[in-house]
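Student: First to last, the protein sequences are chains G and P. Quick note on numbering: the numbering used here labels position 82 of the first sequence as 1257, and the sequence is numbered without any gaps. Quick note on numbering: the numbering used here labels position 2 of the second sequence as 211, and the sequence is numbered without any gaps.
Rather than coming from a laboratory, the hints here were simulated on the basis of the structure. From a predicted model like this one, the values you see are computed outputs, not experimental measurements. Please note that a few of the clues may not be correct.
[Claimed, not checked] Which bits of chain P does chain G cover? Going by a derived footprint, with three or more residues having C-beta under 8 Å, they are: (1) 382-391; (2) 399-410.
[Claimed, not checked] Some chain G residues close to chain P (C-beta under 7 Å, calculated; not the full set): (3) LEU1230; (4) ASP1253; (5) TYR1256; (6) ARG1260; (7) GLY1281; (8) ASP1282; (9) GLY1285; (10) LEU1288; (11) TRP1290.
From the three backbone atoms N, C-alpha and C, an ideal C-beta is built for every residue, glycine too.
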Amino acid sequence: MAPVPEPAIQLRDAAVRVGDRVLWHDVNVEVPAGQFVAILGPNGVGKSTLLKAVLGLVPLAAGEAIVLGQPAGAANHDVGYLPQRRSFEPSLRVRGIDIVRLGLDGDRFGLSLPWSTKNREAGRRVREVIARVDATAFAARPIGEVSGGEQQRLLIAQALVREPRLLMLDEPLDSLDLPNQSAIAELIRRVSVDSGVTVLMVAHDVNPILPYLDQVIYLAGGGAVCGTPAEVITSETLTALYHTPIEVLRTSDGRLVVVGGPEAPAHHADRHTGEPRR
Amino acid sequence: MMPVTAGSANPSWSWNLAADIRDMFSYPFMVNAFRAGTIVAILAAVVGWYMVLRKQTFAGHTLSVAAFPGAAAATLIGISATIGYFGFCLAAAAVIAVASRPERLRGFSAESAVVGTVQAFVLASGYLFATLYNGVLSGLNDQLFGFTFGITNDQVVTLGVVALAVLAVLAVIGRRLFFASIDGDVAGARGVGVRLLGVTFLLVLGAAAAEASQITGALLVFALLVMPAAIAQRMTARPLAGIALAVVIGVVASWAGLTMAYYTSYPSGFCITSFAFAGFIAVRRFGASA
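Go ahead and model the full structure; you've got the sequences and the hints to work with.
Tutor: Shown next, in the form of structure tokens:
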């Protein structure tokens, strides 16, 4: 792994406005290349919006965003993106391998002739990336018929097939059972380490990825704090961020639980209560 | 239109296939029916494959229904029915595209409400035009249920040119449209204009519906637009193979239907639909046991 000297992502005094509401402001983030970074925070605070700002899909109201050395959006060919899912309907009769292939050349115009060299080369790359995420066994089945964890593997393969330098995942562990959560978390870590790709991942629950994280970006109260998990996920830091008393508890098996705060429930039961899409 | 029907040819099926087919093709109206049926079956199968994938069959149905006021209005003001078909179907596609813009509506249920409203209105207009033009009963039947045996050479040429143009558009945008149809968010992040593709596809669908309704009639368009695609998607999950299979099924159903119509004097719309429907039932049974 050859780390690029410049940071993968830099946000300077960034702010985003949705309608007439400022979602977050004065956010300063620096993600060094090759790191595994999580975006944490309560619902509706603008975690997904942060990813979209990095992609250049949501304009900044203030400040600037430099991604892979270019203004946000200019380097998207080097970015793999997996939006918040988005599980496929059981009736969708499209194979997983076709979904992965779309990540490679789905944005091209025109047809590709099945017998061309280019097409064979594309097929080889697709099979290779599918093998990397251990999805070969079910990649030829219609995607609607495979399990949530298997779909997630295929979607990660889709995001990886162009060998991006930056991989952005929006709640990839959402709606997976616990064994699948840790399997996918481990897979993402392995990909990050093996190919030196920078990973920026929105997570609702930090615990499945906690052992692998280099940094966390914690969004709350309209601002953000960055640092190692040990620096950020503490009662003091979060209390200052939320402007209200917060307690971080550590359970006997090492899991972190955030208690208190107007929008930060200890138990994440309210996760589907209308986080704004943009 | 030529006042020739299958009944006036007075044919009988002899089980000598070569002789039967030679007999059938000795009539220019049958040759034109097969030409038009083939062109339309190919176009409708390809467009229909995308329509089924995008779950826009309701929009497809509404655009086909728009062919009815189109043809009726053209008859009423005395212009070519072809202009009426394409004009009304494309206009209805544009209305649906504009009225179901995502800024205005959220979710698919809202889109289907727009589509339903448009459908009710075009049906009512068709009835009005047909009423204003007195004595159109046979014309009305043709507009609703198809009149394959009156297709002229000029109409075949028009069908062919429009089909080629639509297929050319699909060849250019096909891959992006596939991406946008099943994975809009990621496609959008990759710079694919999902919204513009949606509008383009509605217009493509309008053109295909206008073509198909000239063969099967406005109400039976689904025989060529939905059934081949639905059967193909049940049989294979491979995109290219699925499109090819849909084309084969559509062409076979339309040839078989036209042959049956010629030898039985049952309406061609009914015959084509019956063969497509038989295929659909067969594949459902086969699919259930597999």
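Student: Flag every earlier hint the structure violates by its number, smallest first.
Tutor: 4, 6, 10, 11
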